[in-house]
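Peer 1: Each residue of the sequence shown is one higher than the one before, counting from 0 in numbering that gives the first Met the number 0.
Derived by calculation from the structure, the hints in this document are not laboratory data.
Here are the simulated lysine-lysine pairs, DSS-like style, with alpha carbons at most 27 Å apart: (1) LYS167 <-> LYS287; (2) LYS132 <-> LYS287; (3) LYS167 <-> LYS149.
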Amino acid sequence: MDANAASPTAVSTPDSAALSDLTTNPLLSTAPLPDFAAIQPGHIQPAISELLTQARQALAEVTAPQAPADYETLSRVLNVATERLGTAWGAVGHLNSVANTPALREAYNAVLPAVTEFYTGLGANEALYAKYKAIAGRPDLTPERQQLLKHAIRDFVLSGAELSGEAKERFAKIQERTAEIAQAFSEHVMDATDGWSLFATAEEMQGVPPDVQANARAAAEKDSREGFKLTLHFPVYMPVMQYAEDRSLRERLYRAYVTRASELADKPEFDNSPLMQELLALRQEEAKILGFNNFAEASLVPKMASSPAQVMEFLRDLAARAKPYAQRDLEELKDFAKAALQMQTLEAWDLAYVSEKLKEARYAFSDQEVRQYLTLPRVLEGLFRIVDRLFGVQLIPAKASVWHESVQFCELRRGGQLIGQVYLDLFARNGKRPGAWMDEVRSRWTRPDLQDAGAEQIPVAHLVCNFPQGADGKPALLTHDDVITLFHECGHGLHHLLTRVAELGVSGISGVEWDAVELPSQFMENFCWEWEVVQQLSGHVDTGASLPRELFDKMLAAKNFQAGLQTLRQIEFALFDMRLHAEPGSETRIQSLLDDVRAEVSVNPPPAFNRFQHSFSHIFAGGYAAGYYSYKWAEVLSADCWSAFEEEGVFNPATGRRYLDEILSMGSVRDAMDNFKAFRGREPSIDALLRHQGMA
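Taking the hints into account, I'd like the entire structure generated from these sequences.
Peer 2: What follows is the structure, given as C-alpha cells:
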C-alpha cells in the first residue's frame, strides 16, 4: 500500500500571524480526522489554550449549583469539550512520539503543565465528584452508564477528589511534576538512541544480513562517510547482535545499548538516574496522600490483581516453573559455544549470536532465511485477510493527512459500512521513540452534540512499529518476531476498533483492567504459528513463492527455543517493577534492588554495567508502573482463550463470533473476568500457557 499524503516536512512553514489564527488552526478543526500534515509547532499553544478555556467553561457550567445532576447534560456540555481537548492534545502527543523535532518538543513541553493541571483538577473536582455520585444513584441508568459511573467514582478517589487543603495542593503538584519527569525520561531515551552511531568497516560487518548492510552503507553515504553507519535503533542493533561475526563490534553495540540514558553513557545530559529517583519518591508520596501503604497498592485498585503480594506470588510461582527450563537453555548455549564456536566464555554480547547459531545448527534454518519470505506488503495483505475471515471486517487502503510519507491509512468496513479507521506507522526513523504500540485517536461514541440524533463517532487508532526499511528497491523484510509484533499491536487495535459500546469511558479499551488489556494482543500472536496463516503471509522477496512447509516445520520445532530464558527475563522485569513500587525507599537503591531480583530469578545475570532500567520506558514514561506483570498475567488469559480455538477449530466461525461478542466488542461494560468466563465458560487456568511454551 502506498503512502496517502505528503510528509509534513514538505509543507511550507506559515508565518506567525497564520499560526495564531484560530479559524484556520488544524488542531481546532472539528473534522473527523486530524490534519496531521498541516500541524505546526506554532499551532499548539494557541489551540490548546483555546480548548482549555472551553473545557474550563464547560466544567464551571456542569458543576454550578443550579446545574442538574443529569448525565445527558454532563455529556453534552463537559464530555464534548474534554473530548475535543483530548483529541487535539492526543494528536500533539502522537507527533511528539513519532515525528519529534526540537521545535515540536519545545511547544509540547511548554503546554504540558497547563494540560496536566487541568486534568488533575478535573479528576479531583469535588463538585463534579458530587454530581457523578448523585447521577450514579439513579435507577434508570443503562448497564453501560452504570459501569462508567462506577469507574468514574473510583477514579475520582484515586485522583484526589476526597482530599482537601494542603494535601490536595500537594497532590496536584505531584501530578504536574510526574508528567514532566515522564516526558523528560522519554526524551532522554529517544535522544540517547538517536545520538549514538558507529561507522564499521566491511570486515567488521561480516555475517550481517545484506539488506541491513545496504541500509547501513546508505546511511553512511548520507553522512558523507565511508563504511557502514550503525545505530541503536532496533532494526540495526538486533541483526548486528545476532549475525555479526566480529565479537568486539557486538560488544561495543551492546555496551552502548544497555547504558543508554545512564551515568555510564558518554552524554551525561541524558542520564535518567535523577529522574527515576525523583519519580519513584513522588509516586510513593502520592500513594501515602491517598491513604495507601505504597504506590503498588494504589496502582492495583483498578486492576484484576488484588494486591502486590498476590502479583509477586504469581510471578515467583511462574519463575519456579520456568527456572529448570531456563537453566537447561543456558547450559545448552554454553556447551554449544565451546564445542562449535570455540568460545570458552559466554558474554552478554554473545547471547543473541550464539543463540542464532545454535538454532541454525539444531533446526537447520535461520531467521535470515525466514525473512526472505516475509515482505511487509505480503504480511499486511495476509493479516487483512485473516481479520476479515475471523471477524467479517475488511481493512481497505484509503487517503488521509499523515505525518510522514511512509504512513499508511486504512478504513475498517463491515458489509460496506465504515466502522473504524487506522493509521499504520511501521518504520523506524530518527525522531520516533523506540518500540511498538497502539494508541487511540478517537473512541466509539454516540455524540450528544450532533444534529443527527444517535449518530455514532467511529473509533480511530494508531498502530506503530519500528521495522527496518526495504533496501535496494525491495520491500521491507520482517523477521518472524516482527510479524508477531505486528499481530500483537493489531490485536490491541481490533480491541479498540471492534467495540460495539458507544459510551466514552467504557468503549473499546477504555476502562479495561490493565492486567487484562494485553489479552487480545497476545491472542493474535498465536495465528503466526498456524501453517494455513503463514502460507497467506509469505511470499519470497525474489520469487514470490510461499514459505516451504519444511521450513515452517523447522520454525514450529524451534517455537519454544529458549522459552525458559525468555520467561525468566519477563518475570525479572515484572518483579523488579512491582518491588520498586511496593517497597519504601526503593528510589535510593534502584540498582541494588534490581540486582536482588536478578539473583532471585535469573540464571544468567547481565554484566554489572548493564543499565536496562534507565530506558525502561514502560514503567517510567508509560502506563505500566506497578503493572508490567500484566503481560504475564494476561498471557494466562490469552493462552486459555486460544485453547478454545485449538479445541473447536482455528477458523471456526462460531468460536470467532463468540470471541468477538464476549471479549473484543464488550469494552469494559463487564469486568474482564466476566468477559473471560462468558467466552470460556469457566475460570482461567495456567495449563494452556505452560503447554504452549513447552513447560507443561
